[in-house]
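Student: Here is what each chain is made of, one letter per residue.
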Amino acid sequence: MSALSDYRRREQSISYSAEPAGMGLEQELMTINMGPHHPSTHGVLRLILTLEGEIVRDIKPIIGYVHTGIEKTAEQKAYWKVIPVVERMDYLAYYFNSYAYCGAVEKLLEVEVPKRAQYLRVIHMELNRIMSHLVWLGTSCIDLGAIGVWWYCFREREAVLDLFEMSSGQRMHTRYFQVGGVIEDIPRGWAERVKRFTQTMRHRSEQYSALLDKNEIFLQRMRNTGTVDEETLLDLGVTGPLLRATGNPWDLRKAAPYCSYEDFRFKIPVGTTGDNYDRYRVRHAEIIESCEIIDQALDGLPEGPFITEDRKVALPPRHELATSMEALIHHFKLVTEGFRVPPGEVYFPIESPRGELGCFVRSDGSSKPARVHMRDPSFVNLQATAPASRDTYIADLVATLAMLDPVLGGVDR
Amino acid sequence: MAWNPGEDVVAVQRAPKPGGAGGAYRAFGETLRGLKTTFGRMLERPVVYQYPEEKVPVYPRFRGRHKLHKFADTGLEKCVGCSLCAAACPADCIRVVAAENTPEHRVSAGERYAAVYEINLSRCIFCGYCEVACPFDAITMGHDYEMSDYNRTDLIFTKEMLLAEPLERTPLRTEDE
Amino acid sequence: MPRPERRFVTFSIDGREVSAPEGVMLVDGAKYGDVEIPVFCYEPKLGAPVGACRMCLVEVEGIPKLQTACSTPVKDGMVVHTQTDRVREAQNSVIEFLLVNHPLDCPVCDKGGECPLQDITFGWGRGISRMVEPKRHFKKPLELSPLIAIDRERCILCYRCVRFSQEVSEDYQLVLNERGASTYVGTFDGHPYVAPFSGNIIELCPVGALTSRAYRFRARPWDIEGAGSVCTHCPAQCNVEFTVRDERVLRVLARDNEGVDDGWLCDKGRFAYQAIHSEERITEPLVRDSESGELVPATWEYALDVAAAALQAGGSKTAALAGGTTTNEEGFLLQRVVREALKSPHVDSRAGLPQVDLGLQQALAAPGLQATIPDLEFAHTVLVLGTDPIDDVASLDLRIRKGVRRNGVKLAVATSRPSALDPNAKLWLRYAPGGEHAFVAALEAAVTGSGDLSALCDAADADPKALEALAALLKDGGEDVVILWSQRLGAAPLPALLNVAAALRLEGRDGAGLIEVPVGGNGRGLREAGVQSNGGPGLSAPKAPGKPAREIAAALASGDLSTLWLLHADPVRDYADRRLWERAAANADALVAHATLLNDTLREHATVVFPAESYAEKEGTIVNLDGRVQRLRVAIGRPGAVRAEWQVIADLSKRLGLDLGVLTGPMATRQLVEAVPFYAGLTLKEIGGRGVRWQEREAASAAPAAPAGPVESGEPLPAPRPNGALRLGTYRPIWAAPEVEVSPALKFLAAKQQAELSPVDAERLGVDNGAKVSVTAGDATVLAKVFVRGNVPAGTVFLAEATAEQSATELLGEAPQLVSVEPYGQRPPVPLEGLARGARPSDDEVNS
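Chains as they are written, first to last, in this note's numbering: chain A, 143 to 555; chain B, 133 to 309; chain C, 139 to 986.
Derived from the structure by calculation, the hints contain no laboratory data. Remember, it's a predicted structure, so these values are computed and weren't measured experimentally. Using N, Cα and C, we set each Cβ at its ideal position, and we do this for glycine too. Every clue listed holds true.
Lysine-lysine pairs mimicking DSBU-like chemistry, simulated, CA-CA at most 35 Å apart: (1) B:291 / B:199; (2) B:202 / C:278; (3) B:210 / C:273; (4) A:454 / B:202; (5) A:510 / C:823.
What follows is a set of in silico ranges between Cβ atoms, one per label pair, in the way DEER data are often shown: (6) B:183 / C:268: 51 to 57 Å; (7) C:201 / A:447: 40 to 46 Å; (8) A:348 / B:146: 16 to 22 Å; (9) B:183 / A:434: 34 to 40 Å; (10) A:398 / B:146: 27 to 33 Å; (11) C:363 / A:447: 37 to 43 Å.
Start from the sequences, fold in the hints, and give me the full structure.
Tutor: Quick look at the structure:
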């Protein structure tokens, strides 16, 4: 009851005809609603805009339209059954979602993940990062009126999805990562294809550069728009390319390496002013860096098991099911009840395409998590909408929103 | 920020100031450079499929509609109704009711068989855990992806539907496609 | 023996100082320190540990070899390790050894998912198999009995089932046959294992070797929900857990409650749940069609209108009877409607047994005189008087056996019919059916030393010497005496029983007292709720006393009463004098019934039949033998148009012009609690899952106290003398119940009529086991198969009551009587040989 009334109170606090501070009343303010079904809000984001003419004077994002209760659902499922569930939060970063969760559980279990599994995870996550940035670039350009780039980006994205389909059987939400490793080894010929893809990708990204980097219209729309300084972003907790565009080189892959990222040489692209153009360049450069990481991981891909050999966590090999009673029992128990995780709580942050994606898992010793919480970067980064768009043209708001790259599946969960 | 990654940082190029003489040049030069990409595209072959006339082929690991299997030699169902798939299903979309085989009515190889085996495809998330869970390879994820229907109840697939061959086979991709 | 005092000792386990009761085994002691030691064979309920499975090996400092924690008692200062490499290695090896011959059956095995072998393998096993050789094979699956499937390949030889059969139910049927790798569990003679408690071995089995045939392949642990409630099939009211899948009860498991059932269930409680989903279940109201004269389905509104009109017409000439699974609330509301709305005093729940004077009832219900069920286990002496627990209150049979076997309880059995407990008894006595009053009076005489013992013994046809021995046992065998007596004794012997209790000074003594075995699942609760002719709620005096059941029947037959209202009661089948009840039902102007199953009476005479809830669908309270108020909880939704009983009664009441003010089940409970002084303040929450004895609550002081001095016990009538004719004794077998007959799994056990004869009488009549005889009293005749029992006293024939056909109630009139037994048909007499059978509890086996 109190939660509801609290919600109502907050709802009423949203001022639909706000009078932003420091503003005269020479012109009439207009409050308009944008979204949730607006093509440039990248999902179901709803914005309440207070306009003075064409200038945005105040902005209030309203979220919750794709709230699916994933965190609560996770409490009802055995640990391994949570993986396909959390994957569906940020639907452009499913490998990151599942890795953040698996990594947290692995930390609680203190299980060692084989090196090959770690490398395979890195390859898939970096492919995922490329894929996510491609979707961002394509959709952003549509918002800016450049539909051609969208076709090109989605062509490459299809190539990545094909790779995912080949290795893990599904184009999205692959549940390829499991606690302790990956569910199966990559198929024959996959590595070569990935190599071919990174080659192509480098070439393609040059083409994007040619189309966009110095395009006069693009520059007009991007340069010095939506600028937020480093201080404000840090205060808001914003991470990822948005923060790096201001010149702060915070990247968890370097700052707190996980999953063998310390094995790879790669650069952290940073911007200088933190405007929309820097954001574009940082993400664009990250695509190339991801290709670098993938190539190194494929070259150095170690032989060995692809999932931990701890029988109390990972499913036994399938061929043993017909002969070994122990394997059959372990298979049965793992599938039906799942492994138990010692009591404790852990926070496991990783660098997703949008910033710090952290997974908090609390275990009460049973086979179901007592609490799963995700710190989704989209949610935090969305707070930068207002500082970035206040006192700018409403047209720039669209560009800024595109460059903020929020994924509402991750925001609402 | 106290943390400094040192030389691992690379600064991206700053945008030139739009407008002015540079702008005038860019309006021509850079646009032409971009158009090179656009026209270069004409030389490449198309990447789209003429769906539905042309079905999109899938990779062998692709997880589409489920299939139940029978033994080729005896014709008995591989499924023994153990319900492990139902236990593994994160979406709770599988319902199994088992029954006992009798010498007169033998359905599966083991002592028990699935008298009812239903998958609610409107709930299924195609994670393939059922396939992972099945100790007898009785259920696998097939390659068919055309499952839409006009009615939710028609999406509850019964054992007979799952045992039947699909009407049209989904093409598989070859090694280097 | 009184409960032993518990002393605590301190020992160390895995470096932790733990204090545990002295003498407990390490497995249990470790739990005090939150350490779990895996076990397969250990089960404290089965008595002394055997150390068969070796799973519980632990390291004890000072002992060079690993010890089995299940059979090593904790000692002061002991240092135990359960996590060392040696222990791990031993655990891994034991599991590997157990799995060497275990078949790869998990996917088809019913135990899968709730299997201790799986759990322990997953928790303590190595996870990798080295076994490549072919496994041992047995023929499977086999039927150990029609209720139990056995898979010998899966057996790990933990002895649990065998120990249950040998040491708990004491039917001595299960043994381990052969030796070594060929060892297998089976009955010693290869016959099916049929015994009243056989189903418990299914729950005991730590692997999938023994599985329920009724539950076979029905569901998996992740498909089901457990719903705790109470079984109402007999007054023992064992706590059960229903296994529910898709709104159907698929299985009944024991819900261990030390104060009630000690964790065991009889097979009726375990398998008669099938009656809930019987095809014959009534699921919509039935109303007699005036044209065709048949019962036809009707809407609730119409049925309620018709029933209300019938009851209205009956008015003060209406009589109501409650029985079976009726809860306290339903009984309470029923008596309110009958007494307040219909202004009729005629309401009863005593199953046709004689009316007991209210003062006497109050005296017997005095909290100070009440023993508890666990007292049976720890008393010095237990006297079982006039009841055979196996038939009347099944799970107490095991409780008494446990007391005798483990705690050295001295058991005395005094019954007219040979009891299954005789072999365990220190002393057993027989008296003639009809001589109950004389017998209890003789016991009083023997205990108090006053009165004419020999004359009374003569009247009861009992052995005076044995009675003196019994009196000596009761007086000198220790102060804690528990007398388990049956409501079937009737009213007359009760003053004498009170005097015996007074002479033994049972009043106010913990661990001693009386326990009454009522007839009917909630007999005690219904009486306390006021469903009896001479008692209102809380054993208060009603405004106007009504007629007890037997007089109701006579009045209905003669037309003095016009309408009969039955709440779960089936007087024609269950009460004495079947033919009188048949006449009463036929003669009644209207018959309104709440029932789950149709029977001939309802089919022919009922005006309206309301579909009743089964015990898995009910909510409400019931009262156990020793005053434990227990809670029935809804496990499944009601099928078809079935409505809650309290709601139907309230709806009827409204139509009769009385608003009961009951809108929910708990509101009915509240009304009941307000009306019964000694329940005051009781809430459903307080009752909880374990129940609460009202005697132990403060409000118990509101209960009437026992009389101070001896009460006048009256002059007993002598039991009839068998002059050529035989005395008729009756009993109600555990399997004589409609729910047994409609449960597919139990059908084979349904009781058939049999005449238990002594060898002497059998020889005189020239009949042998299995021969047919006709038993005649007046113009009533019952046909029965002969069962010659060595220890049936000569001159008496015992017949079963409440069987589906040929019930002995046909012969029972007002007074105890003599019957003539004749061979039926033209069978040549067979010479009698080798008839001296020992008394065995598995007599029911012969029924089948």
